[in-house]
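S.K.: From just these sequences and the hints, can you work out the full model?
Number of protein chains: 2
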Amino acid sequence: MEDIATYVEGLAAAAKAASRPLGFASNEQRVAAVRAMATALRDAEPTILEQNGLDMDAAAKAGTNAGLLDRLKLTHERIEGMASGLEKLAELPDPMGRVLEHRTIDCGLDLQKVSVPLGLVAMVYEARPNVTADAAGICIRTGNACILRGGSMAQRSCVAIAHALADAVEACGFSREAVSIIETTDRAATGALMGLRGIVDVLIPRGGAGLIQRCVKESLVPVIETGTGNCHIYLHKDVDMQKALPIIVNAKTQRVGVCNAAESLLVDDAVADAALPQVVKTLHEHGVFIHGDAMTCAAAAAAGLAEGADYVPATEQDWGREYLALEMSVKVVADEDEAIAHINRYGTGHSEAIVTEDTAAGERFLREVDASSVYVNASTRFTDGGEFGLGAEIGISTQKLHARGPFAAEALTTYKYEIRGCGQTRP
Amino acid sequence: MEDIATYVEGLAAAAKAASRPLGFASNEQRVAAVRAMATALRDAEPTILEQNGLDMDAAAKAGTNAGLLDRLKLTHERIEGMASGLEKLAELPDPMGRVLEHRTIDCGLDLQKVSVPLGLVAMVYEARPNVTADAAGICIRTGNACILRGGSMAQRSCVAIAHALADAVEACGFSREAVSIIETTDRAATGALMGLRGIVDVLIPRGGAGLIQRCVKESLVPVIETGTGNCHIYLHKDVDMQKALPIIVNAKTQRVGVCNAAESLLVDDAVADAALPQVVKTLHEHGVFIHGDAMTCAAAAAAGLAEGADYVPATEQDWGREYLALEMSVKVVADEDEAIAHINRYGTGHSEAIVTEDTAAGERFLREVDASSVYVNASTRFTDGGEFGLGAEIGISTQKLHARGPFAAEALTTYKYEIRGCGQTRP
Chain A
1 MEDIATYVEG LAAAAKAASR PLGFASNEQR VAAVRAMATA LRDAEPTILE
51 QNGLDMDAAA KAGTNAGLLD RLKLTHERIE GMASGLEKLA ELPDPMGRVL
101 EHRTIDCGLD LQKVSVPLGL VAMVYEARPN VTADAAGICI RTGNACILRG
151 GSMAQRSCVA IAHALADAVE ACGFSREAVS IIETTDRAAT GALMGLRGIV
201 DVLIPRGGAG LIQRCVKESL VPVIETGTGN CHIYLHKDVD MQKALPIIVN
251 AKTQRVGVCN AAESLLVDDA VADAALPQVV KTLHEHGVFI HGDAMTCAAA
301 AAAGLAEGAD YVPATEQDWG REYLALEMSV KVVADEDEAI AHINRYGTGH
351 SEAIVTEDTA AGERFLREVD ASSVYVNAST RFTDGGEFGL GAEIGISTQK
401 LHARGPFAAE ALTTYKYEIR GCGQTRP
Chain B
1 MEDIATYVEG LAAAAKAASR PLGFASNEQR VAAVRAMATA LRDAEPTILE
51 QNGLDMDAAA KAGTNAGLLD RLKLTHERIE GMASGLEKLA ELPDPMGRVL
101 EHRTIDCGLD LQKVSVPLGL VAMVYEARPN VTADAAGICI RTGNACILRG
151 GSMAQRSCVA IAHALADAVE ACGFSREAVS IIETTDRAAT GALMGLRGIV
201 DVLIPRGGAG LIQRCVKESL VPVIETGTGN CHIYLHKDVD MQKALPIIVN
251 AKTQRVGVCN AAESLLVDDA VADAALPQVV KTLHEHGVFI HGDAMTCAAA
301 AAAGLAEGAD YVPATEQDWG REYLALEMSV KVVADEDEAI AHINRYGTGH
351 SEAIVTEDTA AGERFLREVD ASSVYVNAST RFTDGGEFGL GAEIGISTQK
401 LHARGPFAAE ALTTYKYEIR GCGQTRP
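Chains as they are written, first to last, in our numbering: chain A, 1 to 427; chain B, 1 to 427.
No wet-lab data here; the hints were simulated from the structure. Fair warning: this is a prediction, and the values are worked out from it, not measured in the lab. Be a bit skeptical, because a hint or two may be false.
Which copy? The list can't say, so a pair holds if one copy fits it or any two copies do.
[To be verified] Lysine-lysine pairs mimicking DSSO-like chemistry, simulated, CA-CA at most 30 Å apart:
hint	residue 1	residue 2
1	Lys113	Lys88
2	Lys88	Lys73
3	Lys113	Lys237
4	Lys243	Lys113
5	Lys281	Lys243
6	Lys237	Lys281
7	Lys237	Lys73
8	Lys73	Lys113
M.R.: So this is what it looks like as structure tokens:
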């Protein structure tokens, strides 16, 4: 293979060229392409399963753990799931071509601000082949071309899926490069992709903290940062424990490996004596290992939990940790001031919740906590594009520019100003 | 002075802390602060002029050119201009606290998407002291704290202005660190600022291409890229030269050092024989030096212009150049296809214009040219926050994420989701 950087740049340039006609295609044309992609995926099932089998064999030989193997594995049902996901995209309202503003400005110029696609979207992800179809689908639906970079372990599966989708796009009259995938597992390709500012319009990493941090640090292409969630639940002094305990259990244990799971519990000092025994007991019953401050550890010991096996004293580091496991840090705070300051210091701006019967305290928390999604009396697990009614979620942004919190098709738009005149010059 | 990185981080951390109460201050409180800033600036005029005099002396001694000295110089009128600019900000509608969406989602949760300030805004600029007041004013108006980094040549002037503004902010009950300025001319301070991802929410460079490129390349903090404009005017085959010539003259010569000035002229082959003689004559009469392709050079020679003195053959490099001077590249293109492809290849996504009597050609140009502001039959010089009716412009973004084209107060907002429940957990 030729030099990796040259290869990636050539691929991206072709994808960018392919993005142009897509960008002004009609809604009907884009919907037809997404539907054709669904059909193509179903038709390509034998090839995709065969290539996935090769990926699975290689991964198993390399000693990959069961969790990763499960994410990698494709079945008839999972391919059908991808295809029906594409069909759902077809039904989304079109986010493009909306007139966001329209007015006559100085000198009689007619000015319209119109939503348009970004152009070329790069998605970098890990060994989840289904992301290939999700990512390509949302891009084509929104008039963007995409350049995909899947995890090396899933390379054959991702390429097989991308080829089937590119065939469909081509059959609909678009350039097949509108769905491009990097066909080398060389790590240098990701670096090359991150350097293509001006060709690639946005880079969206989907995966673990390591991948995302690499993109944030190295990319010259603008990145939408996703995924890390050190989410807190704060039990205010006017907490109703009948609400609090189910919220804690749900936020911590319903699905532990996700970014909207709670990682840290703050307990108001005024209710600590009453609340902590219930909290440590409930967490323990649900298999949650506790990293507690002094009061929490005392309550855990008093409840008969074993230091080391069931709980340990928390370190400063624990306040910033995203466990993504059945572990939780627990800390007593003096009051709401301290709770908010602690969250704004250690949180990742993802999802934060207060449990309180005091409306004013709840409103203050909503106002003063700096995060994409702030809750009163509800589980942080609701932070999700589907739950929020946004349609097909692309990810959950923890940055503030362009897209914050759960984001979907609209985040793949920008806008342009169209100005119609009859010879005007600036005075 | 202590280590530069520690100094800048401490300054930014204090500014970030100051941003919190500003972020949920009422509109009235923020308006009062901006008005107080205007008054403080007027009151501090003697100090500011004194410090500016020191900057001017040092700059003159260093052999600074007249243009830069003029930008650096403050007078009573210029200080009054800054103060009245601040008073205008007070009258802007409040971009904060708007409910962007409101609905009841699953499980009866009440969801509101609300506009909120970004938090801490860093502005890095050059030797124009007035940017200090503009930048601080728009930030305080929108509930953001700012950390400012002025050009070293204007350091004393910028610090004097910032101190006056900080005094005013403090007198209004906010922390004076809400208007922070880096008080060292050490270049390392800018580098340190660019590393503060997570503390600084956005970095906005205002200045020349060198500064902006440095920020784009080095910053870990998200940047809004501004300022470079390689803007084109395309004379379509159905051009009305009575409109075209004034548009060319206005776009090229009305103000040459600005990013919305035209730098390149494309002439449709079908009208080149008729148009080029008028074009080269008009440009020449307005003192514009021509970088022409073969046909343009031939027309220039035929019109009696002198090669070397009045025109030269264009090189490949010329198509991408932003002259910011009385120079223009001129090229004949085969048709609208080539014009659009050329613009999408060499343009900077700023402002692009077609001159045509053919509505369909105009609409196609609007649709297919990838730029923030696309014009039919008007000068590119209209690309401006004031002209577009946006209020106080911060800059003109040439990126697609978050803010594109002229941007103002709204670009200093993000949003958060506020979710009010009564104990809901995710099923």
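S.K.: Which holds for Lys88 with Lys73 at a C-alpha limit of 30 Å: within a copy, between copies, both or neither?
M.R.: For Lys88 and Lys73, only the intra-copy Cα distance (23 Å) is at most 30 Å; the inter-copy one is 61 Å.
S.K.: Within a copy, between copies, both or neither: where do Lys113 and Lys237 come within 30 Å Cα-Cα?
M.R.: So Lys113 and Lys237 pass the 30 Å test across copies only (27 Å; inside, 48 Å).
S.K.: When Cα atoms must be at most 30 Å apart, do Lys237 and Lys281 count as within-copy, between-copy, both, or neither?
M.R.: within (19 Å within a copy, 80 Å between copies)
S.K.: I want to check one pair: Lys237 and Lys73. Are their C-alpha atoms no more than 30 Å apart within a copy, between two copies, both, or neither?
M.R.: neither (47 Å within a copy, 58 Å between copies)
S.K.: For the identical chains here, do Lys113 and Lys88 meet the 30 Å Cα criterion within one copy, between copies, both, or neither?
M.R.: For Lys113 and Lys88, both the intra-copy (28 Å) and inter-copy (25 Å) Cα distances are at most 30 Å.
S.K.: I want to check one pair: Lys243 and Lys113. Are their C-alpha atoms no more than 30 Å apart within a copy, between two copies, both, or neither?
M.R.: between (46 Å within a copy, 24 Å between copies)
S.K.: Is it within a copy, between copies, both, or neither that the alpha carbon of Lys281 lies no farther than 30 Å from that of Lys243?
M.R.: Within one copy, since 16 Å is at most 30 Å while 80 Å is not.
S.K.: Taking 30 Å as the upper bound on the Cα-Cα distance, should Lys73 and Lys113 be classified as within, between, both, or neither?
M.R.: So Lys73 and Lys113 fail the 30 Å test inside a copy (45 Å) and across (38 Å) alike.
In the structure shown, a violation is registered for the earlier hints numbered 7, 8, in ascending order.
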